[in-house]
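If you're matching them up, the sequences are chains A and B in order. Take the first sequence: its letters are residues 1 to 356, numbered as in full-length UniProt numbering. Take the second sequence: its letters are residues 1 to 356, numbered as in full-length UniProt numbering.
What the hints contain is simulated information worked out from the structure, not anything from laboratory work. Keep in mind that the hints are not guaranteed to be accurate.
Where chains are identical, the list cannot tell them apart; a pair therefore holds if satisfied intra-copy or between any two copies.
No farther apart than 25 Å at their CA atoms in a straight line, the calculated lysine-lysine pairs in the DSS-like style are these [said to hold, decoys possible]: (1) K281 <-> K304; (2) K3 <-> K20; (3) K228 <-> K110; (4) K205 <-> K251; (5) K160 <-> K19; (6) K3 <-> K43; (7) K309 <-> K43; (8) K3 <-> K19; (9) K211 <-> K19; (10) K122 <-> K211; (11) K57 <-> K261; (12) K122 <-> K57; (13) K110 <-> K122; (14) K92 <-> K281; (15) K88 <-> K107; (16) K20 <-> K2; (17) K43 <-> K107.
2 protein chains.
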Amino acid sequence: MKKHNFSAGPSILPQEVLKKTAEAVINFNHLNLSLIEISHRSKEFIDVMENARSLVKELLNLPEGYSVLFLQGGASLEFLMTPYNLLKINGKAAYIDTGAWSTKAIKEAKLLGEINVVASSKDKTYNYIPKNYTIPTAIDYVHCTSNNTIYGTQIKEFPKTDALLVCDMSSDIFSRKLDFTQFDLVYAGAQKNMGPAGTTLVIVKDEILGKTGRNIPSMLDFQVHISKDSMFNTPPVFAVYTSMLTLEWLKNLGGIAAIEKRNEKKATLLYDEIDRNSHFKGFAAKEDRSLMNVTFNLTNEADKETFDKLWNDAGISGLKGHRSVGGYRASIYNAMPIESVQVLVSTMQQLEKQIG
Amino acid sequence: MKKHNFSAGPSILPQEVLKKTAEAVINFNHLNLSLIEISHRSKEFIDVMENARSLVKELLNLPEGYSVLFLQGGASLEFLMTPYNLLKINGKAAYIDTGAWSTKAIKEAKLLGEINVVASSKDKTYNYIPKNYTIPTAIDYVHCTSNNTIYGTQIKEFPKTDALLVCDMSSDIFSRKLDFTQFDLVYAGAQKNMGPAGTTLVIVKDEILGKTGRNIPSMLDFQVHISKDSMFNTPPVFAVYTSMLTLEWLKNLGGIAAIEKRNEKKATLLYDEIDRNSHFKGFAAKEDRSLMNVTFNLTNEADKETFDKLWNDAGISGLKGHRSVGGYRASIYNAMPIESVQVLVSTMQQLEKQIG
C-alpha cells in the first residue's frame, strides 16, 4: 500500500513520473542504455534539456527576454549567486525576512554588500507575511521568499518596486497563476513541485545581467550558464529528466490554471477542518495561509499520542511539524491527490469522535 | 541487446546497480515510498549518506583525520572551492597543466590569488604528463589532475612537495591503489567510477581547513559541509544513493586491489592491439597511458567509414574521440566488462582483415 506522503521536501511526485523515470534508468528511449550512463552531449539528452526548458516557459507563460536554467546547488547556492550577479560593487539590496530561508539568503548576500532587511515577521515566529513596509530607493534589488514551508505562510501580493525583484520560489513554483513579468530573477530548488532533489531552476531576465562590475566565478555566473544552455559542466541528468517528466504531467493535466484549482480545493478542505474542529488550531495568520504547507497544532498537547497513532494507522507519513514550530505540517504539493487530504481530515474527525 | 558502452562520462555503471536504483525509485527499502520522495532527514536516507561515506573511507583506506563529503556542482565548482578553502589572502599556488580540466581549474583559481603554472604539456596537445619540473617554495598548495579523459593520459607518480597536495581525481578515483596520505584534498565528479552525474566526492584533511583568513560563503566552505555531515542543504538524494550502491558493488568484488587487476587486464588487451595493428596508432605517450581512457587514431583517415560501420554494427557506442584530439576514445571504467573490450578488439582485427 502506497503511503499518503505529506513530506515537506523532497516530497511526493506523480506516480506515473516515478514509473517512467525508473524505466529510463534501465533503458532510456529504447537506446539499450540507461539514462544515467549516456553522454549529456548526446542528442537524446540535449532534447531532454531543451524540452524541460521549453515546458517551463510554456507553463509559466514567460515573456520573451527570460532565460531558463537547470543548475546544481539548490536554492542555497542561489543565495550567493543572486548578489554575485545583481549586486553592484558598493551596491545595496533590500530583503524581506519571512523565515529561516530568507535569513540564510540574507546571511550570504551580506558577504557581498550592504543588505537592508526592510521587513521581518520574526517577532511572531514568522507566522505572518509583513505588509506596509517601505522599500528604500537606490537599491539594486528586492529579495523575497514566496512560500515559507516551515511556518505555512505564502506571499499573496508581491512587493511593488522600481528596483529588480528577486523571488525564491522553491516551495510553490508551478502551483498557482502568477504574472512573471513582475519578477527579474526567480529560483527554485526542484524538490517540491518540479522533481527530485539535485537540480535548481533559475529564471532570469537577460537584460539585467552583466551590470555589477564584478568578476564572477564561472560556476556562479548566470551569463556563463546561459551561453552554454545549462551545460557549462555536466548537468544532473537524472534530476533534469525527472523534472521534465513532472512538467509534462502538469501540462497534460491542464497546466497551472488546472493545478491551482486542485490546490485550492485541497487546501480549503484541510483549513476548513482545522477551523471547524476544536481539537486543532492553525499556526499561520489566516490571510497569509499557504496553499502548499498547512501548519497546525493540537489545542491540547495531551492528545498527541492518540492523534499520532490515528494518522500513522491511516498510512500517513511526513506529517511532523518543523522543530521550530512544533505540531503538524501537511505539505500538499501539486502531486498530492485530494484523496490523501481526505484521509488526513478523516483522522482529525476520528480524534474528535474519540475524545469528544 | 545492451550496448557496449564506451562513453567518457556520464558512463557505464554496473547492471545490478542500475536495477537496484530503479527499484528504489519505485519503492525504497520496503517503505512504500520512492527514494526520491522521502525527506533527506529521514533515518533511512541518513543511513544511505553514512554508508556511502564509510564505504569511501574503507575502499580508499583513508587514515584518520580525513573527512568525506558528497556535494553538488561537479569538479567545476571544486575549481573554485579549492582556492577559497586553501589559498591564503595574498597567497600563491602551483598548478600542473595537463589539459582542458587543469586549464579550467587554473582560470577559476586566478580569481582568488597568484597562480603559478609550473608545468604544462600543452605544446603537444597534452599527449604526455610533464615531469622534472620545479615547484616553487612558499606556496599554499600544488594542484594536479590525475587522469585526463580527453587525451588518455594519467599521472603515475604524483608531485612531491612540502606544500599541500590537491588532486582532481574525477576520472580515475576508485580505479587503482594509491596512498591517500600523500593528498590533502581530493575531489571527483561522480559520473565516471562512482555513480551518476549530480554529486561530487570531496576528501579533505581536516587540519588544513580554516587557515586562509577568508570569509568563505557557506556553500563553498568545506568546514560548513563537514559540520553538517554533507546535509547543509538538501543533498542530491538519487545520485548519493546510486553512488552508495556502486561502492557496495566494488567492495563485494574485492575492492580496489581487485578492480585494479581487472582494469590493467582490460587496458593491456586494448593497448596491445593498438600497438600490434598497423591500422591504428595510440595518441598518448606510452609511459603516461591511462588505464581509464584509451585514445587512438586510424593510421589512414580514409578507413574511417569502414571502421565506424564495423563498431556500430558490433553494438558499440560512445567511441568517438573528443573534438580537440579526433579519432577514438575507448573509456573503460570500472564497470566495463572485459567482454566489451574484446568486442572492440575484434572489430579492430576485422578492419585489418577487410583492408589487409
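Cross-check of the supplied hints:
Taking the closest pair of Cα atoms, K281 and K304 come within 25 Å of each other only inside a single copy of the chain (13 Å); across copies the shortest separation is 74 Å, beyond that limit. Taking the closest pair of Cα atoms, K3 and K20 come within 25 Å of each other both inside a single copy (19 Å) and across two copies (21 Å). In the homo-oligomer, the alpha carbons of K228 and K110 lie at most 25 Å apart only across protomers (22 Å), although the nearest pairing inside one protomer, at 29 Å, exceeds that limit. When the C-alpha separation of K205 and K251 is checked against a cutoff of 25 Å, the pair qualifies only within one copy, where the shortest distance is 23 Å, while the shortest distance between copies is 48 Å.
Proximity of K160 to K19 under the C-alpha cut-off of 25 Å is found in neither arrangement, the shortest distances being 43 Å within a copy and 51 Å between copies. When the C-alpha separation of K3 and K43 is checked against a cutoff of 25 Å, the pair qualifies only between copies, where the shortest distance is 17 Å, while the shortest distance within a copy is 37 Å. Taking the closest pair of Cα atoms, K309 and K43 come within 25 Å of each other only across two copies (19 Å); inside a single copy the shortest separation is 51 Å, beyond that limit. When the C-alpha separation of K3 and K19 is checked against a cutoff of 25 Å, the pair qualifies both within a copy, at 16 Å, and between copies, at 23 Å.
In this assembly of identical chains, K211 and K19 lie within 25 Å of each other by CA distance neither inside one copy nor across copies; the values are 44 Å within and 48 Å between. Taking CA atoms no more than 25 Å apart as the test, K122 paired with K211 passes in neither setting, with 33 Å inside one copy and 35 Å between copies. Taking the shortest alpha-carbon separations for K57 and K261, only the intra-copy value of 21 Å comes in at or below 25 Å, while the best inter-copy value is 50 Å. Taking the shortest alpha-carbon separations for K122 and K57, neither the intra-copy value of 35 Å nor the inter-copy value of 42 Å comes in at or below 25 Å.
For the homomeric pair K110 and K122, the shortest alpha-carbon distance inside one copy (19 Å) is at most 25 Å, but the shortest distance between copies (41 Å) is not. In this assembly of identical chains, K92 and K281 lie within 25 Å of each other by CA distance neither inside one copy nor across copies; the values are 40 Å within and 60 Å between. In this assembly of identical chains, K88 and K107 lie within 25 Å of each other by CA distance both inside one copy and across copies; the values are 17 Å within and 23 Å between. When the C-alpha separation of K20 and K2 is checked against a cutoff of 25 Å, the pair qualifies both within a copy, at 17 Å, and between copies, at 19 Å.
Proximity of K43 to K107 under the C-alpha cut-off of 25 Å is found in neither arrangement, the shortest distances being 41 Å within a copy and 29 Å between copies.
Of the numbered hints given earlier, the model fails hints 5, 9, 10, 12, 14 and 17; all others are met.
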